[in-house]
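Novice: Sequence:
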Amino acid sequence: MSLAYFALIVSVVSASSLDIAGATLGAQLGTMAAALSLLAAASSTRKADYEHYVRATSWGRWILIAIPLLIAAQLMPLPLGFGHPIWASAREVFRGLSFGPITADLGLTLNALMLALAAIALLGVTIVVVRDRGRAELVLFVLGGVTAVAALTLDLRRLSPAGAQAAATSELATTLAGFGLVLNLAVMQLAAERAETRHSLLRSVVLGLLGLAGALISAAAVFAFSGTNNAIAAGFGVVLILLILVIRRLDLSPLAAGALAIAALIGAAIVLTFLFEQSSGPILMRLVPEMGAETRAALERMLADTRWFGAGAGTFSALGRIYQSGDAGAALMAPSTATAIFTGMGAIGLAVAVLSSLIALVRLVFGALQRGRDSFFPASAAACLLFALVQSFAGPGLLRPAAILCLSVIAGLGLSQSVSQSGSR
1 MSLAYFALIV SVVSASSLDI AGATLGAQLG TMAAALSLLA AASSTRKADY EHYVRATSWG
61 RWILIAIPLL IAAQLMPLPL GFGHPIWASA REVFRGLSFG PITADLGLTL NALMLALAAI
121 ALLGVTIVVV RDRGRAELVL FVLGGVTAVA ALTLDLRRLS PAGAQAAATS ELATTLAGFG
181 LVLNLAVMQL AAERAETRHS LLRSVVLGLL GLAGALISAA AVFAFSGTNN AIAAGFGVVL
241 ILLILVIRRL DLSPLAAGAL AIAALIGAAI VLTFLFEQSS GPILMRLVPE MGAETRAALE
301 RMLADTRWFG AGAGTFSALG RIYQSGDAGA ALMAPSTATA IFTGMGAIGL AVAVLSSLIA
361 LVRLVFGALQ RGRDSFFPAS AAACLLFALV QSFAGPGLLR PAAILCLSVI AGLGLSQSVS
421 QSGSR
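At position 18 of the sequence shown (counting the first as 1) the number is 18 in UniProt numbering, and the numbers step up by one without a gap.
Treat the hints with care, since some could be wrong.
[Claimed, not checked] Taking CB as the label site, the calculated pair distances span:
| hint | residue 1 | residue 2 | range |
| --- | --- | --- | --- |
| 1 | 281 | 48 | 48 to 56 Å |
| 2 | 54 | 32 | 21 to 29 Å |
| 3 | 251 | 224 | 34 to 42 Å |
| 4 | 347 | 200 | 50 to 58 Å |
| 5 | 193 | 321 | 46 to 54 Å |
| 6 | 281 | 60 | 32 to 40 Å |
| 7 | 292 | 200 | 51 to 59 Å |
| 8 | 106 | 347 | 18 to 26 Å |
| 9 | 304 | 278 | 16 to 24 Å |
| 10 | 278 | 32 | 42 to 50 Å |
| 11 | 51 | 366 | 17 to 25 Å |
| 12 | 283 | 79 | 28 to 36 Å |
Since the hints were made in silico from the structure, they are not lab data.
Built from N, CA and C at the ideal position, the CB exists for glycine as well.
Assemble the whole structure, with the sequences as input and the hints as a guide.
Specialist: Structural data, given as structure tokens:
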């Protein structure tokens with residue numbers, strides 16, 4: 001497992017660092033490291049590792065293959081009725097074949113398929129590798145450090161007069177900063193747990209201070225230098241991890257914990273309803289930042305033309321050229337992750353993505369409430385997942401490979417530690 005563990009760390013650090021720096025090599029290097037970690041894990045997996053993986057994914061292993069299967073289906077020849085109306089009309093005009101692939105660009109969809117497989121590989125490898133608590137802690141430290149560095153770049157750019165405009169559009173850094181806020185809160189909780197159980201006061205204080213610094217840097221990036229909706233998404237994550245901490249620390253009865261959870265759900269529903277009612281138009285564009293009337297009209301036409309199976313995963317940029325007016329300067333970009341998923345994979349793809357996120361979220365929350373002193377692992381993963389779910393409707397940060405791979409590792413860490421037992425390591 002040592003090689004798989006090393007490749008796992010390399011995939012997270014390389015993809016995040018290079019993607020933040022703007023290098024396209026980060027996605028390829030992260031994907032190759034994910035493939036290497038999967039190969040290494042498969043060659044050294046023991047029966048106990050496999051049983052642990054089965055327990056951790058008992059909430060719905062079918063979800064792990066649903067999205068790649070949907071993307072792969074878009075590459076297969078299908079009747080015209082399944083495809084985008086533009087491609088169906090073009091084939092009819094030119095008297096082409098009565099069937100063809102759903103996707104508008106085979107290369108872009110194939111890249112999306114490779115990225116989805118890499119994310120699933122990282123999730124599975126993380127579940128197996130971080131059975132050991134020491135490795136789980138180191139992965140948490142690496143994730144907290146990488147995301148805090150991303151938040152720091154956003155802070156520095158925003159404070160620089162020359163980089164203020166660039167920082168405002170740094171969606172990847174905003175997404176990683178949201179993860180960093182929650183992960184560094186988990187590091188602080190880990191330090192507190194160590195001080196209580198292992199009496200290593202000095203080391204616990206150092207870890208706590210590092211976690212506090214990372215949390216403050218990330219909080220500044222999210223709450224001060226990003227949009228209101230991103231800040232609210234991060235607030236949901238923070239509230240969730242604090243809610244789990246309160247329930248566990250106060251040792252509330254199931255009835256009291258249920259009442260507190262229902263109150264939190266009602267509050268979240270009220271906030272989301274208020275946010276969605278602040279704007280008009282398609283539901284997927286209610287939380288996105290303000291844009292020009294011409295750009296918004298083009299995006300609304302794209303959404304209206306999207307069918308159940310979309311126009312191909314990862315093809316938003318290619319499809320946008322058709323809907324964009326000829327005199328427009330900049331290319332039409334996806335305003336949010338949810339919009340890109342809907343146009344690329346249709347209503348079915350978006351429904352599967354949201355449903356899988358909700359199922360994993362519930363699984364992580366229950367795992368955190370049952371885990372004991374290590375509850376901060378699944379709690380932080382649940383909080384990051386909740387932030388990602390809400391933020392996916394407000395910005396496109398989750399479309400970047402670094403954010404996808406980081407979220408996969410975070411989810412794998414939470415799922416693995418939600419079923420592990422200290423005595424089994």
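Novice: Does each hint hold? Answer for all of them.
Specialist: These are the hints, each one checked on the structure:
1. Our hint of 48 to 56 Å for residue 281 and residue 48 holds, since their Cβ atoms are close to 52 Å apart.
2. The beta-carbon spacing between residue 54 and residue 32, approximately 27 Å, falls within the hinted interval of 21 to 29 Å.
3. Range check, residue 251 to residue 224: about 36 Å between beta-carbon atoms, so the 34 to 42 Å window is met.
4. Between residue 347 and residue 200 the beta carbons are some 52 Å apart, a value that agrees with the proposed interval 50 to 58 Å.
5. Separation of residue 193 from residue 321 is about 52 Å and conforms to the stated range, judged on CB atoms against 46 to 54 Å.
6. In this structure the supplied range 32 to 40 Å holds for residue 281 paired with residue 60, their Cβ-Cβ distance being about 33 Å.
7. Restraint check, residue 292 to residue 200: a C-beta distance of roughly 56 Å satisfies the suggested window 51 to 59 Å.
8. Between residue 106 and residue 347 the C-beta distance comes to about 22 Å, which sits within the given range of 18 to 26 Å.
9. Remark: the range hint 16 to 24 Å for residue 304 to residue 278 is upheld by a beta-carbon distance near 22 Å.
10. For residue 278 paired with residue 32, a C-beta distance near 43 Å keeps the hint of 42 to 50 Å intact.
11. The given range of 17 to 25 Å is respected by residue 51 and residue 366, whose C-beta atoms sit roughly 20 Å from each other.
12. Between residue 283 and residue 79 the beta carbons are some 29 Å apart, a value that agrees with the proposed interval 28 to 36 Å.
Of the numbered hints given earlier, the model fails none.
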